[in-house]
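Protein sequence lines correspond, in order, to chains L and C. Going letter by letter, the first sequence gives residues 1 to 310 in my numbering. Going letter by letter, the second sequence gives residues 1001 to 1224 in my numbering.
Hints are computed from structural coordinates only; laboratory data are not their basis. Heads up, some of the hints might be wrong.
Claimed, not checked - Where chain L lies over chain C, by a calculated footprint (3+ residues, C-beta under 8 Å):
#1 1142 to 1156
#2 1166 to 1179
Claimed, not checked - Selected chain L positions facing chain C (Cβ under 8 Å, derived; list incomplete):
#3 E114
#4 N116
#5 N128
#6 Y130
#7 I164
#8 D171
#9 Y176
#10 Y264
#11 T279
#12 E286
#13 K287
#14 Q288
Remember, predicted model here, so these are calculated numbers, not experimental data. All C-beta atoms, glycine included, are put in the ideal place defined by N, C-alpha and C.
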Amino acid sequence: MFRRAQIGVLSLALLCCAMFVGAQKLMVIITPSHDNPFFNTEAVTADATAKALGYKTLVLSHDDDANKQDQQFDTAIASKAVAIILDNAGADATIGAVKKAKAAGIPCFLIDREINETGIAVSQIVSNNYQGAQLGGQRFVDLMAEKGNFVELVGKESDTNAGIRSKGYHDVIDQYPALKMVERQSANWSQPEAFQKMETIIQAHPDIKGVICGNDTMAMGAMAALKANGKGKVIVVGFDGSNDVRDSILSGDIKATVLQTCAYNADLAVKQADKYIKTKSTGKDEKQLTDCVLIDGKNAKKLNDFALGK
Amino acid sequence: MLVPARTTTRALICIAFLPAFAMALSCTVVKRGAAGTTESAAQKAASNEEFDAKAFVKANWAGKIEPELVRDAVNVREVVAALKKDKDAAERKYGRRKDVTALYNFIVDGDEVIKSVNTESAAGFFELGLADISGEGSVEVQIGPVIKSSAVRDVLSFINFGDFVNQLDFANISREINFYVRDTVVSGLKKTESAGKRLSFVGAFAEDSTGKVLITPVKIEVKQ
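Pulled out of the complex, with its shape left as it was, chain L reads as follows (with noise of 0.2 Å):
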């Protein structure tokens, strides 16, 4: 009940200030874990457009857990947010939450990954995955030649971006039939369960010419675990674009990855919100595809915290 009290004085003398004094207004920006650069990258920007754009904020993780994240909205309505900037919990998971901010009245602005409802968020600003996985697995045929075997790594099986991107990657591979896939397996996204995977795979397949990988974390593992039995020559790609990965093209070792624009994705919400908040409107269609580009040894030196520059 305390607890309770000192939320309510703390939104009334919020709400006080944002209806007399006409000042900072909060808004809430939500995302998956920050141990993740690319997660973290996406919570550092929209935190510094919106303070840029005279906003207070409130950064928070709902560390891929639909009940934390409901939580947190809670939070937000309780703390008469502004706006809602979202990386979410889940498809279908998340659209009770959004439902309920949007009967609240806060709108909500969605980046990289969509919901499976339109018409409840304002704005989702959704990666383009299967298209990026589909410039990925065209780099990788090419750079296999057209033939050859291969091993996927695949991503969490929970997460819709792990089975999309494999889905890019098959829909471009599976069209070659001279390249052949002797391994599937999941790493769950991580670095070292990629290294071991990938040890237990090359005494199994020592002939691999190949390995695509569903992020840049498990291609980093694999590629280690490549290099460490004198395969440093297997054609790696992997997908996210970090600046590890950036420089392991640059020195040779992975061939390539395609980078989401999280930075400017998370940029463009919140500007989006701004302008909603001010105007009722973002002029623009609720949902935004933005695509990912390719990153290789011509352009990597160009890549810093998830953002090409000129």
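With chain L held as given, fit chain C onto it using these hints.
Only chain C this time, still in chain L's reference frame:
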């Protein structure tokens, strides 16, 4: 005590935001109507749980897809020359794309000599007697069996991401367009015998950072 108080607050907030919701709703209706896509095939299809992209492409090919490309095509020489001269101006004049972060796509037609035929790659192509934007390679027309790129989907004005449930349905449109090209548009070509002959075509290509031009044909004819 807390519950009714909250309900009241919520109700008040709801009332306060009603005009905004109403406005948002009316905006959507106007936009769809103005775009002339009310009850479009895409929206009807998107309302189904299991979206059949193959049926969608088949149903729209003769009536919408091919006609839009035929109608809006610009000669490939004109587009390539314009992109060489002033990329930004050419993109504005001839380019189409689905979003601001995407690369531009162009609708082109032409009548060119087939310089060589590549059937080594599963993604085979005719190499035309016309230099690409980089000036280092030739303009290429895809002949399959693998058809790459989403250029055809991305030039079509009646297909928009917002009309589909998710990125997979949207992606499947492009996949099925490419299968249709493979199975219908290029399937009757006598590939290796075509070298040296003239090719008449209508198609689309996506901008490539290397200046390569790879056209996906929607109409193609090797002249005897």
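Would you check chain L against the segment 1166 to 1179 of chain C, counting CB to CB pairs closer than 8 Å, and say if three or more residues qualify? holds (count 6)
Taking the least C-beta to C-beta distance, is Y130 of chain L closer than 8 Å to chain C? At 4 Å from the nearest chain C Cβ, Y130 of chain L passes the 8 Å test, so the hint holds.
Holds or violated: is the Cβ of E286 of chain L closer than 8 Å to a Cβ in chain C? With a closest approach of 6 Å, the E286 of chain L hint holds.
Can we keep the E114 of chain L interface hint, with Cβ of chain C closer than 8 Å? Given a least distance of 6 Å, the restraint on E114 of chain L holds.
Status of the hint placing Y176 of chain L at chain C (closest C-beta pair under 8 Å): Because about 5 Å separates Y176 of chain L from the closest Cβ in chain C, which is inside the 8 Å limit, the hint holds.
Does the CB of D171 of chain L sit less than 8 Å away from some CB of chain C? Since the shortest Cβ distance to chain C is 6 Å, the answer is holds.
If you count the residues of the segment 1142 to 1156 of chain C with a beta-carbon closer than 8 Å to a beta-carbon of chain L, do you get 3 or more? holds (count 4)
For the restraint on I164 of chain L, tell me whether the closest CB of chain C is nearer than 8 Å. Result: holds, 7 Å to nearest chain C Cβ.
Does the nearest C-beta of chain C fall within a distance shorter than 8 Å of the C-beta of Y264 of chain L? holds (7 Å)
Hold the hint about K287 of chain L up to the distance rule: shortest CB distance to chain C must be less than 8 Å. holds (4 Å)
Given Q288 of chain L as an interface hint, is the shortest Cβ-Cβ distance to chain C below 8 Å? holds (6 Å)
Min Cβ distance, N116 of chain L to chain C: is it shorter than 8 Å? It holds, given that the least Cβ distance between N116 of chain L and chain C is near 7 Å, below 8 Å.
Hint 11 from the list above is the single one not met by this structure.
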